[in-house]
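Line order of the protein sequences matches chains A and B. With the first letter of the first sequence counted as 1, position 213 gets the number 213 in the numbering used here; the numbers rise by one all the way through. With the first letter of the second sequence counted as 1, position 169 gets the number 169 in the numbering used here; the numbers rise by one all the way through.
Everything labelled a hint here was simulated from the structure, so no lab data went into it. Keep in mind that the hints are not guaranteed to be accurate.
Copies of one chain are not kept apart here, so a pair can be met inside one copy or by any two copies together.
When the alpha-carbon atoms are kept at most 27 angstroms apart in a straight line, the in silico DSSO-like pairs for lysine-lysine are as follows [said to hold, decoys possible]: (1) Lys11 <-> Lys191; (2) Lys151 <-> Lys258; (3) Lys88 <-> Lys191; (4) Lys36 <-> Lys191.
The primary structure of each chain is shown beneath.
Number of protein chains: 2
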Amino acid sequence: MTICINDVLNKLTEPVDRLEQTVDGLESGDPSTAVKGIATTFMATQDVIEQAIAAGANLIISHEGTFYSHHNQGEALQHDPVYQQKQKLVDESCIAIYRFHDYWHRYRPDGIMAGLVEELGWASCVIEHQPAASIVTVPAMTVQEIAECAKRNLDIPYVRVVGDLSLTCTRIGLLAGYRGGGALSIPLLGKENVDLIIAGEGPEWETPEYVRDAVHQQRRKALIMLGHAQSEEPGMKYLSKRIEDWFPAIPVHFISGKHVFRMV
Amino acid sequence: MTICINDVLNKLTEPVDRLEQTVDGLESGDPSTAVKGIATTFMATQDVIEQAIAAGANLIISHEGTFYSHHNQGEALQHDPVYQQKQKLVDESCIAIYRFHDYWHRYRPDGIMAGLVEELGWASCVIEHQPAASIVTVPAMTVQEIAECAKRNLDIPYVRVVGDLSLTCTRIGLLAGYRGGGALSIPLLGKENVDLIIAGEGPEWETPEYVRDAVHQQRRKALIMLGHAQSEEPGMKYLSKRIEDWFPAIPVHFISGKHVFRMV
């Protein structure tokens with residue numbers, strides 16, 4: 001039986017009530033095309049698109065947009081040479097790119113968070129999934145040990161930390177993607193009394209400076225910033241396994257972008 | 001002659017047309033108080049406030065807000081213990097905290113940018129000050145050399161880099177604070193054809209991913225992220241020197257917050 005792109009997209013959005021406003025959607029490709037292979041990824045970079053094509057995929061399911069902006073800025077970039085060359089690759093390869101962001105975050109539990117806790121090895125440690133964050137309790141570990149565990153399990157070269165590396169933590173607030181800002185993180189540290197926030201990305205002078213002040217006041221608080229992609233890639237890897245279960249006849253690949261920054 | 005807080009604030013805002021909407025303003029203290037000493041800083045953390053008090057200052061001029069949000073979130077935090085302890089210190093010490101953000105950015109050139117180019121040793125290299133960015137041309141250096149130069153001159157432990165460290169650059173786009181996003185940086189790399197962006201902070205999958213794609217397309221582009229505070233502190237140090245010139249009778253101190261993150 002032929003499975004078309006539209007069949008896959010309908011399956012992906014099925015568990016969630018229809019969203020009136022969403023950044024999700026097919027950025028390129030024809031929904032009636034038969035699916036030969038699927039690649040899931042955090043973001044369809046030029047390199048990821050080339051890898052997907054080489055692997056025989058004709059549908060990329062990407063968490064973030066292809067052109068460097070949460071709200072598609074393709075038009076503003078139409079005279080930009082990097083944009084043009086990337087768009088040419090997409091057009092000539094006829095590869096479909098579907099952005100799967102809002103719907104995946106609205107799964108219960110959030111598909112991105114489900115992937116993150118699984119990859120961290122903490123699926124059995126979750127005590128509460130809130131809409132934008134999850135709380136886990138782990139066996140007592142220091143911030144250093146938790147940072148090393150996250151680096152090893154998520155395969156990332158470094159994390160950014162605020163606080164005392166020797167602080168022992170058990171109660172952790174997890175926030176994926178760009179949810180590391182003060183409005184979401186500070187109530188977890190305050191009202192919810194977590195010892196440690198592990199987040200993807202957030203404004204540098206919000207949660208980090210709150211934690212610095214808390215530590216200066218002799219409070220037992222700490223923060224680990226994983227990086228935006230590093231916190232959300234596991235959710236796209238997890239998605240690849242779900243799609244394999246739903247469509248066993250289709251080859252499914254997860255493609256990691258690897259860390260974009262190097263430290264100097 | 002007694003100089004009151006209001007005299008200082010009037011001097012600071014004098015060169016700029018009155019802004020109808022601004023985050024700037026006196027967050028604590030009485031504007032009719034005589035100024036004993038001034039501390040300038042990126043952000044009035046608990047540690048910075050204590051240092052300012054110890055130095056005999058009764059007016060802190062801070063670029064960012066005291067309570068972890070661009071738009072003051074003090075009320076949302078009123079039951080938070082870190083907020084309460086910090087506010088108690090402010091109240092009991094009677095120290096005045098003035099946020100000087102929008103007005104300083106609207107100086108021509110932008111006061112924050114003027115401080116950054118001076119601290120980088122590039123004041124004579126500026127070829128254009130745009131409202132949100134500046135373009136400098138420097139003697140040919142590699143990305144690695146420029147990163148080391150920035151770390152040394154700005155006294156920061158690390159920078160985050162995208163691109164080839166051996167790429168030789170001369171034309172650089174500089175963006176301070178949270179101006180490292182794609183909307184401001186990508187036109188500099190594209191239309192303005194800079195080799196390298198040096199920015200403070202910006203969303204991780206905007207400019208960094210554009211530069212990754214550009215490099216993958218064999219283009220000679222690179223990015224150095226300094227950190228938000230690291231890119232704006234020099235502007236507050238520069239301000240301290242201006243204030244010394246304007247009010248030679250008042251002791252003026254610049255207080256550095258030091259890097260909030262450590263790498264693990």
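Hint check results:
1. Lys11 <-> Lys191: neither (38 angstroms within a copy, 42 angstroms between copies)
2. Lys151 <-> Lys258: both (13 angstroms within a copy, 25 angstroms between copies)
3. Lys88 <-> Lys191: For Lys88 and Lys191, only the inter-copy Cα distance (19 angstroms) is at most 27 angstroms; the intra-copy one is 50 angstroms.
4. Lys36 <-> Lys191: Neither. Shortest intra-copy (49 angstroms) and inter-copy (39 angstroms) distances fail the 27 angstroms Cα cut-off.
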